[in-house]
Amino acid sequence: MAYIAVYPDRVLSLAIDEPAMDFTEEGQQTYGWEAFDLALTLPDSAAMAEFMRLQVADDVELAPLPEPLPASMANRPAGVRAFLAAGRGRTRPSGGRRCLPPVSENAAVRG
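In our numbering, the protein residues as written are 911 to 1021.
Keep in mind that the hints were calculated from the coordinates and are not lab data.
As the structure is a computational prediction, the values presented were derived from the model and not from experiment.
Every residue gets a Cβ at the ideal spot worked out from N, C-alpha and C, and that includes glycine.
One or more of the hints may lead you astray.
[Said to hold, decoys possible] Cβ pair distances, simulated, as ranges:
#1 934 with 966: 18 to 26 Å
#2 950 with 974: 18 to 26 Å
#3 919 with 982: 34 to 42 Å
#4 943 with 988: 15 to 23 Å
#5 924 with 956: 27 to 35 Å
#6 984 with 940: 26 to 34 Å
Using the sequences and the hints given, assemble the complete structure.
Written out as structure tokens, the structure is:
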């Protein structure tokens, strides 16, 4: 969102991954960043498990992650850290409206 607010001419389409967050100042205050910050202080496997737990309702039971993380998940902790850093971006509520590309349910990726 912050990227398209700054560079609307560079974006052809946008898929938003976090419907519970609008990236406004108010959203930043209510999202629960403190819990994510605490999760990221844990070792990689524990941080991943806590990050996943924070994404679901309290009564949802998740399968435990293997420890150590398998090679297929080797980059996941760094990806989670990057995702959380990106989530801290700020934008004005009207920022997305400046992006004018066509929008459709079946928009194709252009490359």
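These are the hints, each one checked on the structure:
| no. | hint | verdict |
| --- | --- | --- |
| 1 | 934 with 966: 18 to 26 Å | holds (24 Å) |
| 2 | 950 with 974: 18 to 26 Å | holds (19 Å) |
| 3 | 919 with 982: 34 to 42 Å | holds (37 Å) |
| 4 | 943 with 988: 15 to 23 Å | holds (19 Å) |
| 5 | 924 with 956: 27 to 35 Å | holds (33 Å) |
| 6 | 984 with 940: 26 to 34 Å | holds (33 Å) |
Checked against the numbered hints given earlier, the structure satisfies every one of them.
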